[in-house]
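Colleague: Letter by letter, the chains look like this.
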Amino acid sequence: MSDVTTIEHAPNVPGAGKNPDPEKGYGVPGYDPVGHKMGMWLFLYTEVLLFGGLFIAYAAYLNGYTWQFAQVSGELSIPMGGGNTVVLLTSSLTMALAIAALQRNQVALCQKLLLFTIACAGLFCVIKTFEWGGKFSKGIWPGSPAVLELSYGEQIFYSLYFVMTGLHALHVLIGAALIWWAMTKIKSGVINSKQVATLDNVGLYWHLVDLVWIFLFPLFYLIG
Amino acid sequence: MASHAHDSEVDYIRDKKGIMSWLTTVDHKRIALLYLVMIITFFLVAVGLGVMMRLELLNPGTDYLDGQAYNQVLTLHGVIMIFLFILPGIPAVFGNFFLPIMVGANDVAFPRLNLLSWYLYVIGSAFALCSVALGGPDTGWTFYVPYSAMSQANVIIPLLAAFILGFSSILTGLNFIVTIHRMRAPGMGWRDLPLFAWSSYATAWIAVLATPVVGITLVLVILERFTGVGVFDASKGGDPILFQHLFWIYSHPAVYIMVLPAMGMVSEIIPVFSRRRIFGYRFIAMSSMAIAAIGSLVWAHHMFTSGMADEGRIIFSFLTFFVSVPSAVKVFNWLGTMYKGSIKVEPPMLFALAFIFLFAIGGFTGLMNASLSTDIHVHDTSFIVAHFHYTMFGGTGFMFFGALFYWFPKMFGRMYNRKMAYTSFWFFFVGFNTLYMPLFFAGLEGMPRRYQDYLPEYTTYHQISTYGSWITATGILMMVGTLLHALKNGKRALMNPWGAATLEWFVPSPPPTHQFHHAPPITHGPYDYKDIEAPENAWAEPATAEAK
Chain A
1 MSDVTTIEHA PNVPGAGKNP DPEKGYGVPG YDPVGHKMGM WLFLYTEVLL
51 FGGLFIAYAA YLNGYTWQFA QVSGELSIPM GGGNTVVLLT SSLTMALAIA
101 ALQRNQVALC QKLLLFTIAC AGLFCVIKTF EWGGKFSKGI WPGSPAVLEL
151 SYGEQIFYSL YFVMTGLHAL HVLIGAALIW WAMTKIKSGV INSKQVATLD
201 NVGLYWHLVD LVWIFLFPLF YLIG
Chain B
1 MASHAHDSEV DYIRDKKGIM SWLTTVDHKR IALLYLVMII TFFLVAVGLG
51 VMMRLELLNP GTDYLDGQAY NQVLTLHGVI MIFLFILPGI PAVFGNFFLP
101 IMVGANDVAF PRLNLLSWYL YVIGSAFALC SVALGGPDTG WTFYVPYSAM
151 SQANVIIPLL AAFILGFSSI LTGLNFIVTI HRMRAPGMGW RDLPLFAWSS
201 YATAWIAVLA TPVVGITLVL VILERFTGVG VFDASKGGDP ILFQHLFWIY
251 SHPAVYIMVL PAMGMVSEII PVFSRRRIFG YRFIAMSSMA IAAIGSLVWA
301 HHMFTSGMAD EGRIIFSFLT FFVSVPSAVK VFNWLGTMYK GSIKVEPPML
351 FALAFIFLFA IGGFTGLMNA SLSTDIHVHD TSFIVAHFHY TMFGGTGFMF
401 FGALFYWFPK MFGRMYNRKM AYTSFWFFFV GFNTLYMPLF FAGLEGMPRR
451 YQDYLPEYTT YHQISTYGSW ITATGILMMV GTLLHALKNG KRALMNPWGA
501 ATLEWFVPSP PPTHQFHHAP PITHGPYDYK DIEAPENAWA EPATAEAK
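Line order of the protein sequences matches chains A and B.
With our numbering applied, the first sequence corresponds to residues 1 to 224, in that order.
With our numbering applied, the second sequence corresponds to residues 1 to 548, in that order.
Pulled out of the complex, with its shape left as it was, chain A reads as follows (with noise of 0.2 Å):
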C-alpha cells in the first residue's frame, strides 16, 4: 500500500483541517470556536423549528379564526405581556454586554451583567406567573369548563396561547440554568477572555429565547 503515487493537493482547502488544538494531538476534537458555534446554530435551528410547527398551527388557525382570535385577544394584558417584552430585551442587552465583557477580560462585570441577566429571566417568569394565575382564577386554562363554553377560535386561541407561552417559560427558565452554568464555569477558569465560545453559545440561546418571546408577543397580545 506504501507505494501509492502521491496526488498533490492544494494543502489549504477551505475547511479542512482546521480542528484546532495541536497541543491535543492530531485530529482529536479541542477548543474550536467555529465548531463549537456551528453546533449551536444548528441547535437553535431546531428550536427555531420546534416552535415553528407551533407557529404553523396559529397561522392555519388565525386563517379559519380570524375575528375570533382578535376578540379574545383583548382579553390578554398587554402592560404584563409588554412589560415582560422589555424584561427580555433588557436581559438581551445584559447577556451581550457580559459576552463583550469577558472578551476584554472584565470578569467580574461579566459576573455581574449575568447575575442581572438572570434576575430579569425570573422576574419574567414572576410575571408570567401572575398573568397565567389571573387566568386561572378566571377558570380559564386549557380544556376548563369555562373555556369549553368559548366558540372555537377562542378555545384554540387560548391553547395555543397556554401552550406556546408555555413552552417559551420552560425555555427561559433552561436559558437561566444555563447562564448560572456558565458564570460557575467563568468561577473554574474553563471559560475565559481567551476561550469565550461558550459564553458565547449560552449568549446565542439566550437571544433565541428573547426572539421567540418577540414573535408572540405580537401575536397573542396586539392582534385584538
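It is worth saying that the hints were derived from the structure and are not from the lab.
A hint or two may mislead.
[Stated by the list, open to error] Simulated restraints on C-beta separations:
| no. | chain 1 | residue 1 | chain 2 | residue 2 | range |
| --- | --- | --- | --- | --- | --- |
| 1 | B | 376 | A | 166 | 37 to 43 Å |
| 2 | B | 122 | A | 138 | 43 to 49 Å |
| 3 | B | 151 | A | 189 | 25 to 31 Å |
| 4 | B | 357 | A | 63 | 42 to 48 Å |
| 5 | B | 335 | A | 34 | 47 to 53 Å |
Only a predicted model underlies this, so the values are computations on that prediction, with no experimental measurement involved.
Cβ atoms here follow ideal geometry from the backbone N, Cα and C, with glycine treated the same way.
Starting from the structure of chain A, add chain B where the hints point.
Modeller: The following block gives chain B in isolation, referenced to the frame of chain A:
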C-alpha cells in the same frame, strides 16, 4: 503509512477493560458498538413481532391474537423498527464508527455529546419497553389523532419514547455536520469526501431540520391526553388533519433519513467490488443533497385521501415524482460504475446488488402511489405495506447487513465464513420476496392494511407471505449467527481485504483508539484504485508484519 497508528498498539476493544469503560467511553468506535448491540437486539425483537403478525394472518379469522392484541403487536413492530432500528441504524452504528475515520479524524467533533446521544437512545428505548410492560399502545406507529388522543391503551409513554429518540437523532446529526465541516484531514476537500460521508451529511441535515417538528406534534398529543388542549380535536375547534400535516412534515423526510445512508453504503461497496472509480461522483453527492431538499416538500402525498385542495394534491404529486429523479440518478450511476468493471461478487457486493433490485421495485411502486388516481385505489391497502417494506427493509434493512458484512473485518478484525454469508443471504433474499411480493397483489385486489382478519379469497396470498416470513427469519438468524461465530472463530482479517481506497482501510483491523497519530496524507481519491491491488483472496492469512 507512517501517519497511522503503530502495529503494536492495542485495538479499541482491548484498550480498556470493564463494563464502566464501555458505559463512560467517548470513543466513537466504542459508542458505535454500544449502538450496534442494542440496535440488533431490537431488530430481532421486532422481527419476532412481525413473524407473530404473519402467523395470525396464516388463516382467515382469529387464530391466537384478537384484534386488540394484533393492533398492539403491529404498533410495537412499527415503533421498534422505525424509531429503534431503521432511523438510527446505519448512522448511529456505521456513521459513528467510520465517518470520523473516513475524513481522517480521531473522533467526532463533540465526543461527549455523542455519548449523550447514546444515553438518550437508551432512555428512549427504556420508555418503549415500559410501554410494552404496560400493555402496549394500539395506535400504529403514526399515532394519528383522534384515535391516539382517545385510545384506552397507554399512548403517552411511547410518545415520550419517540420524542426522546428524536432528540438523540438530532444530536447525532448535529455532531456529524460539524465533524464533516471541521474535522477533515488537511488536504481533504469536499470533493474528496467518500460518498458515505456525503450521504451521512445530507441525512444529518434532514434529522436536524425535520425532527423538531414531529417533536412538538407529539408533545401536543401528550398535552391533549393530559389536559385536553384540543389543538387537534374537532369538537374543540381543532383540526385533526393538521396533525397529519405536522406528522408527515417530519416523517416523510424521515424515510430519507432511513434510506440515504443505505444509498451511501451502496456507493461505497459497488466501486470497490467493480474495481472502477465511481461513475458520476458529483452527481451522486449532489443527488443526496437534492433528495434531502426535495424530500422535505413531499409530505402530503401520505394524505391524498385525507381531504386536501386539488391544487395541493397536484403539486405534491408532482413533487413526489420529482424526488424520484435523484434516486434514479444514483441507480444509473451505480450501474454505470459496474459497466465494464471487473466485478467480484463477495458477500457485501451481493447485498448492494440486492439493494438495487429491491429498491427499484420499491421505488417504482412508490411512483404508482404518487399518481393521484392510483393512490386512491391502493391507499391503506397491503400494497402500501409491500411498497414501504421493499424500500425500507429491502433497501435499508439489506444494506444495514451489507454494511456489516463489508466493515465487519475492520470493526472486529475477523473474517466471517464466506459460504455461510452467501447461504444466509439467499435465505434472506428469497424469503423477503416471498414475504412481500404477494402483498402487492393482495393490496391491488383490495386487502386493507393493518387488519387482523381477511376474506377467504385472500388466503393464498397471505399463506405464501407467512411462509416467506419464516424463510426471512431463518435467513436473518443465520446472518446474525454467522457474524457471532466469526467474532470468536473467524480468521484474522487483512488490513484491507477488499482493496478499498477509503481511509478506514489504511488503519489496522480493528483500529486502535487513536487511529491517526498524524494527519493522514490524502494521496489518492476515495475511489482511486489505480495503485491499490485487491488481495487475490480476501480471506488470506495476514502476513506476520501486518498481523498482531
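Colleague: Determine for every hint whether it applies to the structure shown.
Modeller: Structure-based check of each hint:
no. : hint                          : in the structure
1   : 376(B) <-> 166(A): 37 to 43 Å : 40 Å, holds
2   : 122(B) <-> 138(A): 43 to 49 Å : 44 Å, holds
3   : 151(B) <-> 189(A): 25 to 31 Å : 54 Å, violated
4   : 357(B) <-> 63(A): 42 to 48 Å  : 47 Å, holds
5   : 335(B) <-> 34(A): 47 to 53 Å  : 40 Å, violated
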